[in-house]
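For reference, the chains in residue letters:
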Amino acid sequence: MTKVKPLGSRILIKALSAEEKTKSGIYLPESAKEKPEEGEVLEVGEGKYIDGKLVPLSVKKGDKVIFAKYGPDEIKIDGEDYLIVKEEDILAIIA
Amino acid sequence: MTKVKPLGSRILIKALSAEEKTKSGIYLPESAKEKPEEGEVLEVGEGKYIDGKLVPLSVKKGDKVIFAKYGPDEIKIDGEDYLIVKEEDILAIIA
Amino acid sequence: MTKVKPLGSRILIKALSAEEKTKSGIYLPESAKEKPEEGEVLEVGEGKYIDGKLVPLSVKKGDKVIFAKYGPDEIKIDGEDYLIVKEEDILAIIA
Amino acid sequence: MTKVKPLGSRILIKALSAEEKTKSGIYLPESAKEKPEEGEVLEVGEGKYIDGKLVPLSVKKGDKVIFAKYGPDEIKIDGEDYLIVKEEDILAIIA
Amino acid sequence: MTKVKPLGSRILIKALSAEEKTKSGIYLPESAKEKPEEGEVLEVGEGKYIDGKLVPLSVKKGDKVIFAKYGPDEIKIDGEDYLIVKEEDILAIIA
Amino acid sequence: MTKVKPLGSRILIKALSAEEKTKSGIYLPESAKEKPEEGEVLEVGEGKYIDGKLVPLSVKKGDKVIFAKYGPDEIKIDGEDYLIVKEEDILAIIA
Amino acid sequence: MTKVKPLGSRILIKALSAEEKTKSGIYLPESAKEKPEEGEVLEVGEGKYIDGKLVPLSVKKGDKVIFAKYGPDEIKIDGEDYLIVKEEDILAIIA
Chain X
1 MTKVKPLGSR ILIKALSAEE KTKSGIYLPE SAKEKPEEGE VLEVGEGKYI DGKLVPLSVK
61 KGDKVIFAKY GPDEIKIDGE DYLIVKEEDI LAIIA
Chain D
1 MTKVKPLGSR ILIKALSAEE KTKSGIYLPE SAKEKPEEGE VLEVGEGKYI DGKLVPLSVK
61 KGDKVIFAKY GPDEIKIDGE DYLIVKEEDI LAIIA
Chain P
1 MTKVKPLGSR ILIKALSAEE KTKSGIYLPE SAKEKPEEGE VLEVGEGKYI DGKLVPLSVK
61 KGDKVIFAKY GPDEIKIDGE DYLIVKEEDI LAIIA
Chain E
1 MTKVKPLGSR ILIKALSAEE KTKSGIYLPE SAKEKPEEGE VLEVGEGKYI DGKLVPLSVK
61 KGDKVIFAKY GPDEIKIDGE DYLIVKEEDI LAIIA
Chain Z
1 MTKVKPLGSR ILIKALSAEE KTKSGIYLPE SAKEKPEEGE VLEVGEGKYI DGKLVPLSVK
61 KGDKVIFAKY GPDEIKIDGE DYLIVKEEDI LAIIA
Chain B
1 MTKVKPLGSR ILIKALSAEE KTKSGIYLPE SAKEKPEEGE VLEVGEGKYI DGKLVPLSVK
61 KGDKVIFAKY GPDEIKIDGE DYLIVKEEDI LAIIA
Chain H
1 MTKVKPLGSR ILIKALSAEE KTKSGIYLPE SAKEKPEEGE VLEVGEGKYI DGKLVPLSVK
61 KGDKVIFAKY GPDEIKIDGE DYLIVKEEDI LAIIA
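Line by line, the protein sequences give chains X, D, P, E, Z, B and H.
Reminder that position 38 of the first sequence reads as 38 in my numbering, one-by-one numbering, no gaps.
Reminder that position 15 of the second sequence reads as 15 in my numbering, one-by-one numbering, no gaps.
Reminder that position 25 of the third sequence reads as 25 in my numbering, one-by-one numbering, no gaps.
Reminder that position 5 of the fourth sequence reads as 5 in my numbering, one-by-one numbering, no gaps.
Reminder that position 62 of the fifth sequence reads as 62 in my numbering, one-by-one numbering, no gaps.
Reminder that position 76 of the sixth sequence reads as 76 in my numbering, one-by-one numbering, no gaps.
Reminder that position 6 of the seventh sequence reads as 6 in my numbering, one-by-one numbering, no gaps.
One thing to keep in mind: the hints can contain errors.
Capping the alpha-carbon separation at 16 Å, the derived lysine to aspartate or glutamate pairs in EDC-like fashion look like this [said to hold, decoys possible]:
no. : chain 1 : residue 1 : chain 2 : residue 2
1   : E       : Lys-53    : P       : Asp-51
2   : P       : Lys-53    : E       : Asp-51
3   : Z       : Lys-76    : Z       : Glu-20
4   : D       : Lys-21    : P       : Asp-78
5   : H       : Lys-53    : B       : Asp-51
6   : Z       : Lys-35    : H       : Glu-74
7   : Z       : Lys-53    : E       : Glu-74
8   : E       : Lys-21    : Z       : Glu-46
9   : H       : Lys-23    : B       : Glu-38
10  : B       : Lys-60    : X       : Glu-46
11  : Z       : Lys-53    : P       : Asp-51
12  : P       : Lys-69    : E       : Asp-51
13  : B       : Lys-53    : H       : Asp-51
14  : D       : Lys-5     : X       : Glu-38
15  : P       : Lys-14    : P       : Asp-51
16  : B       : Lys-76    : H       : Glu-30
17  : Z       : Lys-23    : H       : Glu-87
18  : P       : Lys-5     : D       : Glu-88
19  : D       : Lys-5     : X       : Glu-40
20  : D       : Lys-35    : P       : Glu-74
21  : Z       : Lys-5     : E       : Glu-87
22  : D       : Lys-60    : D       : Glu-40
23  : X       : Lys-5     : B       : Asp-51
Only some residues are given here: those of chain X computed to face chain B with a beta carbon under 8 Å [unchecked claim]:
no. : residue
24  : Val-4
25  : Pro-6
26  : Leu-7
27  : Arg-10
28  : Glu-20
29  : Ser-24
30  : Pro-29
31  : Glu-38
32  : Asp-51
33  : Gly-52
34  : Lys-61
35  : Ile-75
36  : Ile-77
37  : Asp-78
38  : Ile-84
No wet-lab data here; the hints were simulated from the structure.
Ideal placement from N, C-alpha and C gives every residue a C-beta, glycine not left out.
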């Protein structure tokens with residue numbers, strides 16, 4: 001697969017399939033304020049600067065996450081759909 | 001239960017039932033500016049960065065809190081309703 | 001009484017009665033920009049972060065204060081009315 | 001007189017009388033952007049935080065000042081009119 | 001003359017007369033974005049806080065300056081017109 | 001070629017040709033929020049100030065990048081089209 | 001020539017003539033977002049404060065630059081047109 005390395009606090013995400021969503025036990029109503037969505041983290045940026053120091057992001061490759069749908073940019077790599085999301089739009093990790 | 005770990009200064013909350021609200025002795029009028037609601041803290045994020053240091057949140061698992069209703073995202077886990085709220089939208093702890 | 005502990009720079013206030021207001025010698029016109037109100041501080045939050053240090057609030061339990069009416073959230077505890085106000089909305093202490 | 005101690009960078013001011021204004025030699029046109037007004041400082045707040053240190057205000061009790069009219073809150077103490085103004089709305093000291 | 005001491009980063013300015021403007025060799029079109037004007041600095045505030053230190057202003061008494069017309073407050077001292085301008089609205093010094 | 005050195009956190013980019021885009025395996029839908037585009041980095045600014053230190057940009061000459069289309073300024077150098085983009089508008093590096 | 005010394009991060013610029021623009025090999029379309037323009041730096045301000053230190057500007061006298069047209073203030077000195085531009089509105093140096 002073509003490799004896409006997000007910059008800074010951006011994260012490359014693959015949305016979960018309907019089947020995977022059902023299995024996760026989580027349901028995100030359309031009416032929710034941030035229109036959250038479930039997905040899996042594929043690549044993370046190098047981190048964010050806090051008070052002059054580079055701090056790694058709080059999610060990592062393979063994490064299943066709930067993220068805000070209004071934030072991301074859609075992108076197609078080798079025919080598959082992905083999203084580029086900022087860390088601040090990740091609401092929670094599904095564990 | 002499926003575990004949902006909120007990120008940063010976010011908090012996973014279960015709203016109190018009508019019965020629990022009555023027992024709490026607190027009544028929050030609909031007309032209040034921030035439309036506050038009562039709930040119990042289930043999970044808290046890892047904290048917030050203040051001047052470059054990670055500071056834990058001021059509420060913890062099990063706290064009963066009053067929080068601003070306009071802020072949160074609704075989420076259903078294994079058929080039950082929960083809310084993801086930011087720490088800044090927690091008004092007070094009921095002790 | 002049910003105890004309500006405000007978070008951060010929030011303050012729990014009981015508005016003064018008409019009689020107490022008259023006694024205070026202070027009159028706050030309706031037309032004032034911030035619609036100020038008189039009240040007594042019942043509980044204060046743990047403080048605010050300034051340049052990474054937690055600084056206690058500048059009012060304390062028992063202080064009679066003038067505060068901006070547009071800011072607060074109303075709350076009823078055991079049948080009585082209270083307000084949750086941010087420190088920045090406290091204009092002055094009546095001494 | 002009832003004592004009113006302003007908080008933070010707030011200042012308690014008594015507007016100058018028409019006679020005092022004429023004597024001051026200063027005339028502030030109605031059309032000015034900030035609608036400035038002349039007054040005397042009666043009480044000042046404890047100061048403002050700058051880079052984590054508490055810095056006293058730049059005006060003191062007794063100073064005659066020009067301040068921006070759009071900013072202040074009106075308040076009546078023992079039947080007399082006063083204003084609560086923020087330090088940033090003080091334009092100049094009349095010396 | 002009544003002395004007016006501007007506060008902080010504010011500056012007291014006397015606009016140049018038509019004759020002085022012609023002599024300066026500078027012409028400021030009405031259509032310019034900030035509607036600049038020429039004037040002479042009469043008094044400067046004590047400075048501005050940068051990273052916790054008080055830094056003196058970059059103009060001084062007697063400087064002829066170009067300043068943004070939309071910013072200032074007009075004020076009449078002993079019958080003469082003056083302006084109170086913020087340092088950030090001074091575009092340049094005429095040398 | 002005339003040399004154009006971008007300032008600060010700005011970057012000079014040559015958009016990829018249709019052929020190069022197809023080869024990259026990446027497809028960016030028109031409907032995406034930031035209208036991303038693919039391009040090659042030709043020149044980068046000297047960096048950005050973070051907490052008082054100059055930090056080099058996270059992309060370098062020759063990088064193929066996905067960037068937000070709404071941000072850039074178009075510029076023609078010796079008859080060819082280029083774009084000047086800010087680092088914050090670079091979404092990811094194609095590797 | 002009357003000397004005009006810009007303040008802070010401001011820069012005095014002389015727009016390039018049509019002939020000089022053609023020679024530069026750069027063409028800036030009218031439709032570009034920031035309406036860029038070509039010019040030569042005549043005078044620069046003393047610099048900008050970053051984290052409490054005065055940092056010199058990144059352009060110097062004699063530099064040919066591309067700058068954003070929407071930003072500047074027009075000024076006529078001894079009958080000639082000039083512009084006062086902020087450093088943040090300089091897009092690139094032509095080398």
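Comparing the hints with the structure gives:
| no. | hint | in the structure |
| --- | --- | --- |
| 1 | E:Lys-53 with P:Asp-51 | holds (9 Å) |
| 2 | P:Lys-53 with E:Asp-51 | holds (11 Å) |
| 3 | Z:Lys-76 with Z:Glu-20 | violated (20 Å) |
| 4 | D:Lys-21 with P:Asp-78 | holds (11 Å) |
| 5 | H:Lys-53 with B:Asp-51 | holds (11 Å) |
| 6 | Z:Lys-35 with H:Glu-74 | holds (9 Å) |
| 7 | Z:Lys-53 with E:Glu-74 | violated (34 Å) |
| 8 | E:Lys-21 with Z:Glu-46 | violated (25 Å) |
| 9 | H:Lys-23 with B:Glu-38 | violated (30 Å) |
| 10 | B:Lys-60 with X:Glu-46 | holds (15 Å) |
| 11 | Z:Lys-53 with P:Asp-51 | holds (15 Å) |
| 12 | P:Lys-69 with E:Asp-51 | violated (30 Å) |
| 13 | B:Lys-53 with H:Asp-51 | holds (9 Å) |
| 14 | D:Lys-5 with X:Glu-38 | holds (13 Å) |
| 15 | P:Lys-14 with P:Asp-51 | violated (31 Å) |
| 16 | B:Lys-76 with H:Glu-30 | holds (11 Å) |
| 17 | Z:Lys-23 with H:Glu-87 | violated (30 Å) |
| 18 | P:Lys-5 with D:Glu-88 | holds (15 Å) |
| 19 | D:Lys-5 with X:Glu-40 | holds (15 Å) |
| 20 | D:Lys-35 with P:Glu-74 | holds (9 Å) |
| 21 | Z:Lys-5 with E:Glu-87 | holds (15 Å) |
| 22 | D:Lys-60 with D:Glu-40 | holds (10 Å) |
| 23 | X:Lys-5 with B:Asp-51 | violated (26 Å) |
| 24 | Val-4 | holds (5 Å) |
| 25 | Pro-6 | holds (5 Å) |
| 26 | Leu-7 | holds (5 Å) |
| 27 | Arg-10 | holds (6 Å) |
| 28 | Glu-20 | violated (23 Å) |
| 29 | Ser-24 | violated (25 Å) |
| 30 | Pro-29 | violated (22 Å) |
| 31 | Glu-38 | violated (19 Å) |
| 32 | Asp-51 | holds (6 Å) |
| 33 | Gly-52 | holds (3 Å) |
| 34 | Lys-61 | violated (15 Å) |
| 35 | Ile-75 | holds (6 Å) |
| 36 | Ile-77 | holds (6 Å) |
| 37 | Asp-78 | holds (5 Å) |
| 38 | Ile-84 | holds (5 Å) |
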